[in-house]
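Chains A and B are the protein sequences, given in the same order.
FYI, the numbering for the first sequence is 1 to 596, going by this note's numbering.
FYI, the numbering for the second sequence is 1 to 426, going by this note's numbering.
By construction, these hints were calculated from the structure, which means they are not laboratory data.
Please note that a few of the clues may not be correct.
When the alpha-carbon atoms are kept at most 30 Å apart in a straight line, the in silico DSS-like pairs for lysine-lysine are as follows [stated by the list, open to error]: (1) A:Lys434 - A:Lys461; (2) B:Lys176 - B:Lys192; (3) B:Lys357 - B:Lys192; (4) A:Lys428 - B:Lys357; (5) A:Lys449 - A:Lys434; (6) A:Lys322 - B:Lys192; (7) A:Lys428 - B:Lys192; (8) B:Lys357 - B:Lys176.
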Amino acid sequence: MGCLVIAVVACGCQGTAIPPAPGTVKSATATPTVPAAAVSTPPPQGTLPAFRMLDRASGFDFERQDDIRGLHRILEANGGGVGLFDFDRDGWVDVFMTNGCHLPLKDGLDSTRGALFRNRGRDRFENVTDPSGLIQSGYTHGCAVGDYDNDGFDDLYITAYGRNAMWHNNGDGTFEDLTDSTATNVSRWSSSAAFADLNGDGCLDLYVANYLDESDESPRLCANGASPDGYEQCPPAMFEGVDDVLFLSDTTGRFVDATEFSGLTNRRGKGLGVVVSDLDGDGRREIFVANDGQANFLFVPSGELSDVPTIGELKAPVQGYKYDERALLSNCALSEAGYAQANMGIAAGDYDGNGTTDLLITHFYADTTTLYANRGGLMFEDVTRLSRVGPPSRNRLGWGTAFFDADNDGWLDLIVANGHIDDRTWLKQGEPYKMAPQIFRNERDGSYKDVSKWSGEYFQKEWLGRGLAVADLNRDGKLDFVVSHQRGPSAVLVNETDTVNRLLTLKLIGTRSSRNGSGAIVELMGESRVARRELVGGGSFQSASVHEIQLGLGSETNGTVRVRWPSGVSDVFQNLAPGEWNLLEGGRFSDLRRCE
Amino acid sequence: MTSWHLGDSHRQLKSGQWWWHNPGMESQSAARLVKTPQIRRTVWVMMSVALVGLGLVIVCWPRTIVLPAGVTLQDRQFAERRFRDLNGIAPSRVDLLSLVGELAVHDHRLQTAADCFHEIPSDHPRYGSAARLQEGQMWLRLNQADGAEQNFREFLSLASHPNRSTTPDQLSAARKWLNYILSVELRFEDRKQVLAEAHAQHAVDVFDSKQYFFPNLLIWNSSAGRRRLSEFLERDPQNRRLRLAHGRYLTVGGDLPAALAVLRELHQQDLQDSECAAAVLECLFEQADWVSFADVANSLPEYSAGESWLLTRMRAEWALHEQRWDDARRDFERLQSVDPASPWALMGLAKAFGQLKLPEQREQALARSLVLSRIRVSLSTVNEDAPEASQKLSEECRQIGLQDAADAFQWHAERIRQSHSGRPVD
């Protein structure tokens with residue numbers, strides 16, 4: 001009997017379970033978003049960005065359908081993207097939003113569709129999805145924009161869970177699904193994609209980042225009795241990654257799958273973001289892929305171009321590079337702490353003005369956004385601490401992101417769309433579901449300052465941000481942006497920053513290089529410094545910013561720019577006045593909005 | 001118990017008789033008072049009755065057992081009945097303390113329970129060890145971390161004596177709770193010692209091994225840990241160790257100004273506390289404030305083998321920043337020797353090797369970092385239900401030279417497989 005008493009004692013008296021030790025919990029307490037009015041901190045000196053969200057009266061009215069209904073499938077996490085491009089060449093940048101649908105696909109394929117909004121100027125939009133014929137159904141995520149056939153009209157590639165699609169812009173306001181004839185279908189779970197001329201033949205190639213191996217008909221579900229729905233989202237670590245795909249253009253409007261030839265197979269990444277950029281300044285473009293919970297990829301072309309083996313007859317041989325994966329050796333595979341982070345969106349740009357393209361990657365909750373400063377020679381340095389983007393990003397889960405000059409001072413500011421992958425507000429320790437987006441001002445000393453609380457109402461509210469893209473939508477000389485949200489209306493944010501600084505917007509038109517100048521590097525030759533911008537492929541998360549170069553002039557009244565085209569041609573355009581310009585390869589230029 | 005009281009009363013009764021019949025002790029006044037035989041007989045009867053009554057009172061009076069404040073008469077009566085029902089005898093004080101303590105736990109009167117268990121001496125052969133475990137649990141539930149830790153440690157110490165009977169479940173519980181406290185307080189070095197003993201006895205599960213071999217791969221700055229620490233602090237706001245941990249949580253949580261305020265104050269209170277100095281340095285490192293970092297770093301004591309891992313790491317980071325590449329290499333290697341799976345050490349070594357023009361060593365360090373990064377992500381899948389995950393982890397550990405970890409997870413994989421197959425576990 002005495003043993004019985006001791007046994008009761010040994011069981012801990014109250015039958016309590018051992019609470020999870022700290023190491024078992026991958027989460028952190030939510031930091032509630034503080035309303036601007038409650039913030040007593042005085043605003044920092046200097047120009048503060050200011051943005052206003054357009055309401056439905058603007059004609060932009062879009063709410064994405066992700067079929068979020070309690071199962072917490074991992075498919076529901078990624079949400080959608082934004083494509084910003086002037087599809088009708090009227091000078092105004094239009095907006096395409098990807099959409100999801102009911103799952104499984106066999107039942108819900110046609111239940112919803114993406115939406116194309118024609119920009120009518122002055123912050124007005126018109127839904128022209130039906131007349132454009134861009135009827136994209138399915139569970140789509142991202143999009144890439146590029147004029148793959150060099151006909152002067154940007155085309156659209158849409159990634160999906162299921163069938164990806166290549167929509168050819170017919171130039172008359174309509175689109176045509178040419179996925180099969182261009183041979184660009186990918187039937188994996190694709191996320192982001194990027195157009196770029198990788199082999200220098202003057203035609204855009206296409207890189208498709210793929211995410212996980214998952215079934216929509218029998219999705220993997222993770223039961224959790226504590227969750228109100230009985231489930232929580234399974235972590236990506238439970239899924240196998242899948243290889244990305246590289247398509248090389250055959251220069252006639254078709255593509256060749258060069259994944260294996262290029263040495264990109266058997267990588268099994270978990271790609272969420274991709275950007276193509278000449279990171280080492282050797283004239284060839286590297287491919288950087290942000291992998292979720294895995295080391296990033298940095299594919300570096302090696303050797304000379306060689307013929308890609310193809311099946312069937314081609315008019316001309318397709319040439320491509322073999323690639324070495326060098327992220328680890330280049331210090332951009334892992335964080336400074338040696339962690340493979342939940343890499344998602346990518347911002348690419350010369351944030352510190354040293355003449356190289358830097359990379360910023362958004363990450364998971366309770367982890368930091370990571371900024372890799374390009375030190376030249378394909379060596380990066382994790383400057384998250386130095387740049388001060390780390391601490392403010394810890395209590396956010398970031399997705400779409402972009403370097404952009406919000407106040408036209410010539411320095412790249414930073415914007416990040418935030419929101420959790422799953423509703424975990426039921427967790428005892430609390431994690432917010434919706435989150436406020438963030439805008440960081442470039443302090444011109446290699447650091448950023450989070451100025452979100454002074455940048456408008458949109459930044460004080462909480463959203464489920466996903467894809468994000470940047471463009472000067474109303475052509476007022478200030479950069480605006482669009483964010484795709486889950487479980488709520490997506491948003492167009494108009495830049496109302498109070499600044500006298502002017503913007504130079506340049507649309508590049510290649511003649512020997514690809515038509516939209518992909519890969520060109522533009523330098524603004526200022527009195528005190530040279531600002532460098534590159535027309536990179538891809539970037540952000542599942543989204544495509546407008547294919548234009550934007551240069552804030554700061555105190556300059558006009559600008560002299562040098563364009564280094566991918567073909568090797570270099571042009572100098574002197575004393576360009578603020579505004580929007582077409583720059584033709586070979587030195588000619590014209591007013592971008594002449595067609596209006 | 002009952003017999004003790006009876007015996008006691010009997011002794012008192014006898015002693016009264018002895019006093020009464022001892023001529024030397026008779027006083028003059030008593031002799032004068034007892035004048036007649038009738039009066040003497042009456043007095044005799046009355047005193048006898050009084051003595052018998054007193055004896056009965058002593059025998060039956062339960063308040064002779066003093067129990068802690070908070071224990072009600074109902075508690076006592078219920079416990080007595082319960083004990084008699086179970087054991088057929090009346091309870092002793094320690095019996096009552098134990099049983100009433102359990103009743104109080106059941107009623108969520110934690111302080112009363114803690115007080116009861118506290119009164120049970122550790123050397124009590126029947127209850128002593130268990131009482132320490134129980135008391136520790138009560139203090140933990142009351143957020144009294146120090147008291148809890150002290151009791152768990154004492155329990156583990158008592159359990160190591162061969163004449164103490166403790167069950168594996170009790171041992172496991174004590175270790176886990178102790179590890180939990182040390183984890184919340186970010187005392188990884190102390191935790192490693194506890195886990196080392198458990199590993200030496202093969203008294204570990206997969207989670208113990210993950211904590212032991214990968215202290216810096218598990219996410220330790222969780223909100224659950226922070227929340228618990230704040231509860232500890234609420235109970236014991238001046239506790240220096242807790243405040244230090246609080247400062248570190250603020251640092252890794254990104255609230256650097258608040259962290260620095262807390263840590264600076266602690267540092268000023270005791271400039272000799274190198275653990276605190278390391279926490280200050282960590283915050284300044286995160287702020288990339290190298291000027292302030294130098295102020296603190298220049299006053300650090302010489303390296304000693306037993307110093308905190310964080311301090312060693314900060315020395316290494318400082319050396320990297322000052323481009324003292326050989327020093328950085330040495331310090332990161334020191335860090336690696338105490339935490340072989342430290343990603344900081346490997347990444348730091350890679351930087352140092354790069355600057356020392358040792359490309360092969362750099363590549364090796366980076367390659368090991370890559371494997372560690374994979375291990376880190378996969379750790380969440382390594383659990384008691386997945387022998388293949390332990391097996392895979394074992395192979396990855398072997399790949400980068402973490403032999404002890406490899407052996408441990410190999411053992412776990414086999415153990416889990418055997419338990420799943422129903423075969424006895426070695």
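Results of checking the hints against the structure:
Taking the CA atoms of Lys434 (chain A) and Lys461 (chain A), the gap is near 9 Å; set against the 30 Å cutoff, the hint holds. Note on Lys176 (chain B) and Lys192 (chain B): the hinted pairing holds, with a Cα-Cα distance of about 12 Å set against a maximum of 30 Å. For the hint pairing Lys357 (chain B) with Lys192 (chain B), the CA-to-CA distance comes to about 35 Å; that exceeds 30 Å, so the pair is violated. Taking the CA atoms of Lys428 (chain A) and Lys357 (chain B), the gap is about 50 Å. The hint is violated against a cut of 30 Å.
Between Lys449 (chain A) and Lys434 (chain A) the alpha-carbon distance is near 22 Å, which keeps this suggested pair within the 30 Å criterion. Restraint check: the Cα-Cα separation between Lys322 (chain A) and Lys192 (chain B) comes to about 47 Å, which exceeds 30 Å; the hinted pair is violated. Between the alpha carbons of Lys428 (chain A) and Lys192 (chain B) the distance comes to roughly 28 Å, so the proposed pair stays at or under 30 Å and holds. Distance check on the hinted pair: Lys357 (chain B) and Lys176 (chain B) sit about 45 Å apart at the alpha-carbon level, beyond 30 Å; violated.
Checked against the numbered hints given earlier, the structure breaks hints 3, 4, 6, 8 and satisfies all the rest.
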